Each structure stands twice: as structure tokens, then as C-alpha cells.
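Enquirer: Keeping the supplied structure of chain V fixed, place chain L upon it in accordance with the hints.
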Amino acid sequence: MAAAEARGAPRRRRVGRTVLIAAALLFLGLFLLMPLLVVFIQALSRGVGTYLAAIFDPMAWAAVKLTLEVAAIAVPLNLLFGVAAAWAIAKFDFRGKSALVTLIDLPFAVSPVIAGLIFILLFGAHGWFGGVLRAHHIRVVFAVPGIVLATLFVTFPFIARELIPVMQAQGRDDEETALSLGASGWQTFWRVTLPNIRWGLMYGVLLCNARAMGEFGAVSVVSGHVRGLTNTMPLHVEILYNEYNYTAAFAVASLLALLALLTLAGKSFLEWRQPELRHAALAARDRTRRENT
Amino acid sequence: MVLAALEVETFTRPRSPRRVLPGFGLTLGYTMVYLSLLVLIPLSAVFVRSLGSGWGHFFAAVSAPRVAASLRLSFGASLLAALINVVFGLIVAWVLVRYTFPFKRLVDAMVDLPFALPTAVAGIALTALYAPNGWLGTGLASLGVTVAFTPLGIVVALTFVGLPFVVRTLQPVLEDLDTEVEQAAATLGASALQCFVRVVLPALWPALLTGFALAFARAVGEYGSVIFIAGNMPMKSEIAPLLIVTKLEQYDYAGATAIAVVMLILSFGIMLGINALQHWAVSRHGGR
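Which chain is which? The protein sequence lines are V and L, in order. Quick note: the first sequence uses the working numbering, first residue 336, plus one each step. Quick note: the second sequence uses the working numbering, first residue 263, plus one each step.
Next comes chain V alone, as it looks inside the complex:
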């Protein structure tokens, strides 16, 4: 009896293993692979000619340009913030550090729609600064500045939360050595700190950029959907889709899907260069909390 059980156990484990792998792959195939495939198949369903025509449509092109512009403003600003925040949090001890880390994560807990709403409440026609802006003929909401603000808000934590754990892991010994050897503060930052954190920095920029280019909800609320002027790529996808122009909608969507695939490839490459990056953001909160308790 016992011997039969002992002989049966490895086989049962093998069966269990196969069932679990099959369940996982089925779930991922259903929820990840099929949505990805359907984008490209729908985009090419009427031939390559229609696909290219949809992509090189002037309105689609204007949307691509605006998306690139918004990302080109939002990502560097959040990069600057991320480096400053990581420097202060990782290299120094001060009271309220863990509260600050939590506050930096705040935009992740806010619905994108609410992220758009707050800027309408501030800068819209009936907002706090609406009157001042109208008097000076400055448009923020339903114009490009509003789109940039909303994008800045939703991508705010990305770079900081990747850099904080990377800088914490580096410690401050390298910088202290450079300073004691006579380097200035800036020299130390450019020649010692920056090379140390370069993979983490690229990782944060990559994730921040993906979200900046793909943001829909927040941008949708503040954009006003003016074609050729305030339409980003995700918003253009929505407009085409709602006009039942499915092939064109999926063609523009396929560009965004390609961006997503490139982002994942870059992410995997950086994780291969520096395996700690994988779970860096999760570890950051634990570490800050441990240091403070």
C-alpha cells in the first residue's frame, strides 16, 4: 500500500505539473496573446495597401507627432524629478522619508479620469485659474498644455520609484570617496553616480515613456478631441473606432502595440543587464520602511 503510494506520487506530481502549466498558458494565451494578435490581424485584414494608407493619413500622422511631442516634454521633466527625489531619499536620512515615498506613489492610486478632472477644475473655464488664463488668452485645458500636464501627472512616479531602490543599493561610499579626493558635487554626480545608475535610469525612462505615449483616460478628459491639433495616438484610435473605421483604428493601434512590444523587449534586455531591476520598485518600499523603523 505504502509502496504503491510512493510509486504513484511522482506520477501524480508530473500530472499536476502538466495541468498547472497548461492552465497558466491557457490563461495567458486567452488574456495576453489573443488580444495582441487580433490587433495586427485586424489591422492587416484589408491588405497592406489599406494598412499603409491608414498609417500615412495626415490626421494619423498629426496624432503621432503630438504623441511624440508630449512624451518629449513629459519624460525629461519626470526624469529630472526622479533623479532629484532619488538623490534626496537614497543618500540622506530625514524624518518623514517613508511618507514622502508613499506620496510619490500617489498618482498610481488615482483614476486617470480623475487625473484629467483635477486639471479641468484648476484651469478650465470655471476653474480656479480659468479667469486669469482667459484674460491672458492662454489655453491650458482642451489644448496641448493640458495634455502635457495630465501626462506628467499619470507618469509622475515611474522614474523615481525605479531610481530610489537602485541608488539605495549603491549606498553613498563611492560618492564620499570622490568628494574626499577633491571632486566637486557636480563632478561626483556626473562621473560617479550617473554611471552607477544608468541601467536603472533607462529602465525608468522606458516605462515612463510607454505610459506617456499610451495614456488614454487622463488625456481624453483634457484634450477636447480636436483632430489634427489635440489628438494623441490613443485618442485617434478611439475616434476612428467610433466612426466604425475599424481597419484604420487597428492600424494606428498596431503602432502602439509595436511600441508596447519594443518596451517589453527593452525591459527584458535591461533586466538581463541588471537582474535586481526586476523587483526593484517593490523592494523600495520595504527598504525605506525598514530603515525608518
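Don't read these hints as lab results, they were simulated from the structure. None of the values given here were measured: they were computed from a predicted structure. Built from N, CA and C at the ideal position, the CB exists for glycine as well. A few of these clues could be false.
Said to hold, decoys possible - Chain L regions said to be covered by chain V (calculated; three or more residues, Cβ under 8 Å):
#: 1; stretch: 359-369
#: 2; stretch: 381-395
#: 3; stretch: 514-527
Stated by the list, open to error - Ranges between beta-carbon positions, derived for each pair:
#: 4; chain 1: L; residue 1: Pro-394; chain 2: V; residue 2: Trp-396; range: 32 to 38 Å
#: 5; chain 1: V; residue 1: Arg-608; chain 2: L; residue 2: Gly-531; range: 36 to 42 Å
#: 6; chain 1: V; residue 1: Ala-600; chain 2: L; residue 2: Ser-306; range: 36 to 42 Å
#: 7; chain 1: L; residue 1: Ser-404; chain 2: V; residue 2: Gly-364; range: 19 to 25 Å
#: 8; chain 1: L; residue 1: Thr-441; chain 2: V; residue 2: Leu-365; range: 28 to 34 Å
#: 9; chain 1: V; residue 1: Gly-351; chain 2: L; residue 2: His-541; range: 18 to 24 Å
Expert: Chain L in isolation, oriented as in the chain V frame:
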């Protein structure tokens, strides 16, 4: 001896470490200003505006049947989607950490797709799949199940969006888990199921709860992937973020703000819960 050590200590390590490296005031100051201007002050505008229109108006706006229905739907569908993600996220994380199979690294990288794929793209892709004439919709329709344009479609979209959270919070914990304890339990006669429930699961609880809370919080606020597949029928398949947009389009700022305040308070509550949970987990296990 002690004196010498003390001298070395004071020599290599100045009494106040924050004086050694420059830039503390500059970087912390910049961080606080940027955080306040971009996040804290704009967010406080929502609360100030909703208080400005008075409590009576606030409660009337929030308890309107259409608003209450949308909040119930948003939180209910998010709860269901997060629970699906806990079950399948555990299976996916387990398989990725414990077993080897072809294309495992590719599968692992793909798990982050919902983070990288813009939500609008996910929305139209899922709708194309589950629409009555779509790849999956046709088969499901013959079984009498309608996914697209029903609350079920909302759950599908929210499951997609929350998928990476549970997997990514569980993976590091599973990797650190000592398999020797499981082997010991198996040697002592525990079945695979007993071993999992009694030995593995207790160690995973904090990570499972964290992943659940993160997936839930993300799903509650989700907009882009849901609106295409939901059908957006008031009282039936209209989520709270969509109702905010609708009210904004009707220039009902007070109504939109009231829904936003309820959602923010609930989301912040969840986030504080996550923090308390992690705090508890870290202090109990002394960190990973």
C-alpha cells in the same frame, strides 16, 4: 583599543552623514515643490471644490441611483477581476518560478504586456475578440454567453489590466521560498495539496493580499480598456470613471467632482491598507 576604534570611527565617518554629500536641500526642495505643484495641490482641488458645493449637494449627487449603480459596478467588477487574478496569478507565478518549459522567458516577459499596451488598444482588441462576431464571441454566443457589451465584458477588461500585479508581487516571494521545508513535509507524508495549503500558502499570504489590493486599486480607476467593451448602459454597464466623463461633458462639475471624491477616498483607503499590510508583513518576517 576602544579609543582607537572610536578615533577611526570619527575619522572615516563624520558625525552627521547628511553634511558629507552635497545637494540635500536642493534635491529635497525640488522634490517637494514639484510634488506639491503637480500632484498635491491639484488633487486637493477636488476636495476643496466638492466641499464648496456643500454636504447636502454632495450626498445628493453621490446617492443618485445612476451614480450609486456605477460605483457598485466599478467596485464589484474590480473585486471579481482581482479575485480571478489572485487565482490565475498564483498559478502563473508558480509555474514560472518552479517549472521549466519551452519559451518560458518569452512567456515571463509577456506578463507585463498589460503595463505596456495602451489601454485604448487593449479595449478595442478585447472588444474585437468578444463581440458576437469575434473569434471568441462566436463560440461563446453558441453557448448562450454574451461577454461584450455586458458587465461580464467589464470583468474581462479589468482582469487583463490587473494581470501583472499578482504575478509580479508573488514571483520574488516564491523565488525566496525554501523548498527544503516542502520536501521535509513531503517526506513526512504530506500530500502535494496538504503541503501547498499548510506550508506554501501561509508564506504567500502577504504577497497575495498586496497583489490583490494593487490589481483591485488599478481596476477601480480603469477607463480606457473598459469603455469599448462595456456597452455603457446607464444603471447596467456604466462604470464610475465613465460617469465622471459624462458629467463633465454636461458641465456638471459638482456631480463629477462628487464621484471623484468618493473614488479617491476609497482608493486612498485601499492604498493605506496595502501600506499597513506590507508594514505588518515586513515586521513579522523581518523583511525578505
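Enquirer: Could you run down the list of hints and mark each one as holding or not?
Expert: Right, here's what the structure says about each hint:
1. 359-369: holds (count 4)
2. 381-395: holds (count 9)
3. 514-527: Check passed, 6 qualifying residues.
4. L:Pro-394 to V:Trp-396: 32 to 38 Å: Because 34 Å falls inside the window, the suggested range holds.
5. V:Arg-608 to L:Gly-531: 36 to 42 Å: holds, 39 Å
6. V:Ala-600 to L:Ser-306: 36 to 42 Å: The hinted range 36 to 42 Å holds for Ala-600 of chain V and Ser-306 of chain L, with Cβ atoms some 40 Å apart.
7. L:Ser-404 to V:Gly-364: 19 to 25 Å: holds, 21 Å
8. L:Thr-441 to V:Leu-365: 28 to 34 Å: holds, 30 Å
9. V:Gly-351 to L:His-541: 18 to 24 Å: Given range 18 to 24 Å: violated, Cβ gap about 35 Å.
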